[in-house]
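Protein chains in written order, with the working numbering: chain A, 1 to 642; chain B, 1001 to 1213.
Derived from the structure by calculation, the hints contain no laboratory data. Nothing here was measured: the structure is a model prediction, and the numbers come from that model. Among the clues, some could well be false.
One side only, chain A facing chain B, incomplete, derived with CB under 7 Å [what the hints assert, rightly or not]: (1) Asn204; (2) Arg206; (3) Phe245; (4) Leu248; (5) Asn252; (6) Pro256; (7) Asp402.
Glycine included, each C-beta is placed from N, C-alpha and C at the ideal position.
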Amino acid sequence: MATTWEPREQRSGGLAGALRHMRVVAEQYNIWSWIATVDHKKIGVMYGVTAFIFFLIGGLEALLIRLQLAVPNGAALGLDGDQYNRIMTMHGTTMVFMVVMPMSAAFFNLMVPLMIGARDVAFPRLNAFSYWVFLGGSIFMNVSFFTGDIFAGELGAPDSGWFSYAPLSSRSEGHGVDFWLLGLQILGVASLASGFNFIVTILNMRAPGMTLFKMPLFIWMTLVTSFLIIFAMPVIAVALFELMFDRLFDANFFNPDKGGAPLLWQHMFWLFGHPEVYILILPAMGIVSEVLPTFSRKPLFGYPFVVFSGIAIGFMSWGVWVHHMYTTGLGTVANSAFGISTILIGVPTGVKVFNWMATLWGGSISLKAPLMFAIGFLTMFTIGGLSGVTHSMVPSDFQQQDTYYVVAHFHYVLFGGSIFALFSGIYYWFPKFTGKLLNDTVGQVHFWLMFLGFNLTFFPMHMSGLLGMPRRIYTYSDNQGWDVWNMMSTTGAFLIAISMLVFIANFIISLRRGEKSGNDPWDGRTLEWSIPSPPPHYNFKEIPQVHALDEFWHQKYQEDAEGVPIPVVAGASADEEDEHDGHGIHMPSPSYFPLIAALAFPIIATGMIYDYALVGVGAVILFFGIYGWAIEPATEGEEGHS
Amino acid sequence: MSATAAAGHSLETSTGLDNRKLLMWLFLGSECLFFGSLIAAYLLYRDKSVSGPFPSDTTTADGVFHPGLFDIPFTSVSAFVLLMSSVSMVLALAAIQRGNVRGMRIWLFTTAMLGLLFISGQAFEFTEFNHEGLSLSSNLFGTTFFVLTGFHGAHVTIGVLILLSLFVWSLQGKIGQAQSLNIELAGLYWHFVDIVWIVIFTVIYLIQPELKL
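For reference, chain B alone in the conformation it holds in the complex:
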């Protein structure tokens, strides 16, 4: 009896870890460096913008007052939505591991919708900031803010696509208890994107630069 060469689903590996799960962990490790570099650039340029608009209320040296852009309560709610989507992701995995396909479908869909809600919030925020005069080219804050949060948003969007694909495949009966690894891998990715948001939210919104008065 010879083992399959494409051991993507093989049960016996040298470490005992499934190939695809190991791949996902390595990918997430690599992603840490990706977001780490973006966050480092944000921190380097924090409070270094030479012109407005600024994230929080600022009076520049020429005596002009710039109202801050951030709406902390709004962004906190959208961060909460994303955190809750991790809970529904856990419930989806727990459901399919018990063989409850219907429960999995419900929670997968919930997770995708919460992710979509978060993206909508981000789109709204980007539009608002843009109306206030913030763009990629306006100042260092605009450059670093849009690129960092934009790449995070792109990750959430890809996550939503993965979740909706899994949802459709489950409707076609392609995902049962035996395929629960698919849900687990999507979950790993989803939780990672959530955790990154916790860091970004803290770095960008909660640790405000010192006010120039």
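Extracted from the complex, chain A is given alone in its bound form:
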């Protein structure tokens, strides 16, 4: 019977057949459980996968940029200036807002509840909402590529750089900058929602006994980052609204003809932009502060100093923005004051670097892939930090402004810093969520390829920059002495691309056939290693009672008189079989409303550009989503568990 049935079903074709096929696929992969999920682990995985896809897209844009600049006169690729501007703008915007921020958010989602001994975040549905809004905003902005006449080589993407200085942006023709500002506004909503959520989660949902100074360092850095997000995002939101009113409704915020000051945009953008830099790096610092102690088998050196340095960075990040604007003519006093504050912010950062080095010092170091990437972070971030200090010197900065030296600097902190640390986190926590280890040998290959490729790409940019090569140019002539440095950078970029292929292969193969990790493969120190891998949907069978910093380590080890750790007899073990099936633990119910509410944002944004009727449609959807959300109970009732 079955054999006669199947072909007929396929033959039935058409819409009904397609729908049936979609339903079968959806059931097979359990897609509905992802779409309506409010589980922080699933949302974290979705954040991570999405951010990695955008990492590949942003990486392809980077390869186009490097190919264009490989040889003089753009001979290798032959983009025109307009195409180059659009690709360059989307590369920067993508890497900052759709890769590093959401990849950090992925780790917040995956790790925060597990590390503080909670069953979920404070607002699970708000968490799902953050993800869907982020996804919608990212897709919305990338769709802009296709709004131009793409077959004639006209891209529709924004063309004013990721900083979109006015009046360049306010007078840019076409809809590219509209897509940019509305898309960024949407991404801001997602960041704000997750910022609120994680502050409340960390302050309110800690396991009993976990005082603030018994929190793992990653949690501290998440907390500081979240505070920066909720205070920095409204500033860029207002700047984006002002740009929107200028572009769509002929307002005058950045219109010099009516007395408007384009510098206002720069002030607001960088007042947001500098805290943003620390939003990108503090989560990375948090990850490294977990990896280094685990693989040195030592507690983090000077925990309170690292915590207070992180807090100090959070405050000081608000007082350094003018170092992006030394050459705009604000005067000697302003430049000197911000030069001093910029030098000062290097101090807490330096304190952290020394603490990480001291953590490694004298430890019994196990050079696994997570530690390799953490050491990559430590060294590369230090180089980037030091070139940053050279920018704080006003006269020196006047020479470096808008050259490739600056490009080298911020890639050393954002790629050499954030991206290396994020990979460290992926290798470190992959076993917790899959129960498998990423292959370490392939991981080492990945590390060295990426490390070499990274330095080959970005170190020569110091040279081309000091030789006077300006940023944002789409071509250069062959008599400048920049040829060799650019060729090196391009070669390095492709080496990075190869290292990514190695990583992807490792990820897929390890996911299928990786070595079983057990629950605690690294002899970890924090609570997430005390539960099964992958964790049950309720995380903790019983909410743990916390007595110390590095609680799980202290459950496993005592110290003898000389401070050598001795395993506790019958101490904690993560490997016991879990018979508990989660009866009586009430988890939040799945909900479609966050997705519906989030769907409204790209619709409204599209309407702002093309047809105000769509704004109305979006508003109705938003209204429906929010009211459904408000009325629906958050947790399934008692009867579901009888």
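Once you've looked at the hints, dock chain B against the given chain A.
For chain B alone, coordinates are given in the frame of chain A:
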């Protein structure tokens, strides 16, 4: 006995503060930066318009007299209405905390209506100014005035929607003494929007730019 994971209503939190109340305070902190940025832009461009209409009586360099747009007594009355709505909001919360659902309904409705009255006043003012030739694009004053007060008006409108929703839910019997936190949160938001108006009213209307004579 295991606690609920969605601790939105959980009584035990690490700080003792309810999750939703903490969320609201953080949101309002974030909003301070939002309105702070808008007010900063207004202050930066105050008295920098290169052409009329102007907020107060002005004679430009070419000798043309521009009558001022502001009607301070009218706007003072509408500011007073908004301030009084904070009083009725307090009374609504006090009523439900004592278990007086009917009192809460009356004061919630009063608050929403006072908010609506304020919005109507703003709509009237916007229309009047527009008749006098002020628009988003006419000059810097038009740009900054409409955007700043417009965003405030949008906040009041959302507040009115929240209040009316709570009012309807209370008619359906969904809001009793046990749910008084809902009223408290709406109140926090409402008072914040009021306080912002006090700042905006002072900055825009009371501290007038120096007259060019």
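Cross-check of the supplied hints:
1. Asn204: holds, 4 Å
2. Arg206: Since the shortest Cβ distance to chain B is 4 Å, the answer is holds.
3. Phe245: Given a least distance of 6 Å, the restraint on A:Phe245 holds.
4. Leu248: violated, 10 Å
5. Asn252: At about 4 Å, which falls below the 7 Å cut-off, the nearest Cβ of chain B leaves the hint on A:Asn252 intact, so it holds.
6. Pro256: violated, 10 Å
7. Asp402: This hint is violated: A:Asp402 lies away from chain B, its Cβ roughly 26 Å from the closest one there, beyond 7 Å.
The structure does not agree with the numbered hints 4, 6 and 7 stated previously, though it agrees with the rest.
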